[in-house]
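Let the hints inform the model, and build the full structure from the sequences given.
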Amino acid sequence: MNVIAFYIAAVIAIVATVLVITLKNAVHALLYLAVSLIAVAVIFYDLGAPFIAGLEVIVYAGSIIVLFIFVVMMLNLGKRATASEAALLKPAMWIGPVALAAILIGEMAYLLEHGAMGVPAASVVTPRAVGIALYGPYVIGVELSSMLLMAALVGAYHLGWHKQPKLEIQDVSREYGTGTDAGRDSIRTGSGRPAGAA
Amino acid sequence: MFKLLFLVPAIPFASFLWLATVGPRTSRRAVAIVGVGSIAACALLSLLLTGSYLVSPPLGGAYTQVLWTWIAAGGFTPQIGLYLDVLSLVMMLVVSFVSFVIHLYSAEFMLGEEGYSRFFAYMNLFVASMITLVLANNLLLLYLGWEGVGLCSYLLIGFWYQDSVNGAAAQKAFIVTRVGDTAFAIGLFLLFTHLGTLDIQELMRRASEQWSTGSSLAITAAALLLGGAVGKSAQLPLQTWLPDAMAGPTPTSALIHAATMVTAGVYLIARTHVLFSLAPPAQFAVAVVGAATLLLAGCSSLVQRDIKRILAYSTISQIGYMFLALGVGAWSAAIFHLMTHAFFKALLFLAAGVVIQALHHEHDIFKMGGLRRDLPYGFWGFVIGGSALAGLPLITAGFYSKDLILWHTWSSPQGSIALWIAGMIGVFLTSLYIYRLIFLVFYGDKKMEVSHRSHWRIKLPVVALCFLSIVGGFVNMPRALGNVTAFTDLLHASLPEALEANKAGMTEGLSEGLAAISFGCGLIAAYVLFLRRRSIANALGASSAGRAIHRFWFADWGMDWIYDRAFVRPVIWFSTIDRNDFIDAFYDGVAGLTELSWRALRATESGRVRWYAAWITAGTVIFVAIALWI
Amino acid sequence: MLAGILFALGVVGLLVRRNLVFVLMSVEIMLNAAGLAFVSAGARWAQADGQVMFIFILSMAASEVAVGLALVLQLYREKQSLDLDSVDEMKG
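Line order of the protein sequences matches chains V, X and W.
Under our numbering, the first residue of the first sequence carries the number 1, and numbering increases by one thereafter.
Under our numbering, the first residue of the second sequence carries the number 199, and numbering increases by one thereafter.
Under our numbering, the first residue of the third sequence carries the number 829, and numbering increases by one thereafter.
Misleading hints may appear alongside valid ones.
Stated by the list, open to error - Pulled a few chain V residues facing chain W out of the computed Cβ check, cut under 10 angstroms:
#	residue
1	A9
2	V35
3	S63
4	L104
5	A129
6	L134
7	L149
8	H158
9	W161
In short, the hints are calculated from the structure, not lab data.
Being a predicted model, the structure only gives us computed values, none of them experimental.
Virtual Cβ for every residue (Gly too), placed ideally from N, Cα, C.
This is how it looks when you write it as structure tokens:
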């Protein structure tokens, strides 16, 4: 395992994450999140899990972050939101959570010190082995996660659906005097097309 | 035949159960048939038992029927046992017959009331309890019957419970008799502790063996039993409940507060007469209580306006006579007077019911007048009953029984001239107040119109009791007039004979003659004051002394006032100032603590997600810490 | 260790921010950190299980994000703001 690569990637990940939680502009924060995720992918590769590294980039950074960005952009918050966000985020609010987190990290450090952890092995676990494991002992997990994804899909669809107000269909053809339907133009079609589902 | 003895209390009890559970859903006719029929069966059975007893008395003069053992705890084994000797036979006969007559009367009298089956259920329970009381072979069972009649008295006085006045009267009755009952219970404890049994005959035997005459234990026990009797029979100083108990329906007043329950005290003392003989001071106290009560109640009855209250005070007064008789050792005379009193007092109450019902529940005698033609049954009922009460010579039962008592107050070793004079004055007062009532209600100008006619179920009982009030006395006539001693001889099987000390100055005949004169004076005075020259009565009443005395006697010689000041107010004051003592603070503290914790827990439910998340995190941290370091 | 730090940072972000989108982001951070922990454990013992777990975590994160963002849209429609503290109707 390449130690230097590990530490560089680790530092990048930490810094990016800190920026994510402190920035006020949502889109900026998301971009930094993407950076953090990519850094973690590098660590995965370093640990000998190339398949997972690729998966992290494609799925996590690629689709989930992009989804976030779509939604943020759709909400169209603008500068006003950024300003209000600044108002909401006071320094005094940081104290409690930081304290809790510090204790948590401390406990973690304690565990690692006293645990029986050694240096990670440098072997690579091939995707083939992962595939065999998935469809061997973990096949039920696969089924369940597919059901979960289905449920999420339906749920998200339903939650995101809302009726848009129907506006009049301007009968252009009547104005032009022809009797066919082809000339009809709709100013705005909005008959409940689901908004928000990617 | 005697084996059927247990049916006498059992039949009314069974009919009570039926009436209480099924009764309200059946028709009035069915309720009346069951309610009256059971008592009729009871009365019939008593008659048959009496006949059987007289024809072939059981061995030793008494028949005991033990049904089962009630409690078996170490040395304490009271039984459910019935004891039939002459005394309980007479009592049973009187109670069942008078109850039957009154039940028949109330089948019609209570017809307009809702709660018809409830009424009969209570009345039947009452009869069952009273029969248990008189037939009990041990004091604990007697106490059970005692409490049962007290309960039924409460239930029936407060029969029209929607009016809180009736409820208050019922409570007063129950609480005042409770005071007596407590004394009775303590007496039972004492008797059991020292003599080891509560079976009456055994108890009397042991008492006479182990306690000498005048021993303090005997006196204490007798005094405590006297306390119980005083409460139940409404004697001084616990008589305050009986006038207010007239809030109940008239048949109730007739049955319970005239003929049966209030005589339970007399029965108790007669039953435990051995004890009283062993305690002369207690027996003297009985006589004094009786004499004082009869005078006091007689005076109070003279100034009342409510027709039933007059009769209530009259009951108190007559029971005073019975107590007087018991106190001077004339046991049979007391029971004789109990029997005749049951007849004529029940008659008086039933006739009063006729009047009240006819006048739309009007009770005030000054609003009545001139009813003798419109209400013949009421009129003759009152005349015959009232004359028996006052002791019209020769033809009424009351004359014979009262005179027997008066003679014994003079002649008995425990009697004294003071008691005899008290009795004589009582005769005058009795005659005065009852004829006052009769003249005011039935003579003079008519003030209210009669609106209700009675039917056979009311008329028949009245007639029957009239008959008994006249002939009931013939079972025992004094020496000068034929010397019939059938009744007292009968009772001497279980009650000792009244002794006659040879005191000079009076013979029986002279005593009777003076009593008759006393009666006559009362009658004439009533005639003059209330019929002929009302002005004299009004003038007497209007004078300042007259007004004061009137107020004093009207309020029962201030007894209620005394009790209120001496007992009620201090208790209320004390409980008011004790409202917030430290024990209350403890309970309030518990409630306050609960409220505090509620407030605290409520604060944690803020509805804000971040708040919850923060607490989850904190909790996780803490638990991990615990897992690591403990 | 790294996973622990990242996780802790995610927790802080979750608690501090009031904007719902940021909260969801913090949740993603936490999930990612957990996944990192799993993978490194799997690599430590050269087994495939860690990666398998990570795949599951990933799919779960994806579905959760989908639903979560739909909820964000709902919230915005109802309240015209994304302040998490404004949805305290279930208090008391």
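These are the hints, each one checked on the structure:
| no. | hint | result |
| --- | --- | --- |
| 1 | A9 | holds (9 angstroms) |
| 2 | V35 | violated (12 angstroms) |
| 3 | S63 | holds (7 angstroms) |
| 4 | L104 | holds (5 angstroms) |
| 5 | A129 | holds (4 angstroms) |
| 6 | L134 | holds (6 angstroms) |
| 7 | L149 | holds (5 angstroms) |
| 8 | H158 | holds (8 angstroms) |
| 9 | W161 | holds (9 angstroms) |
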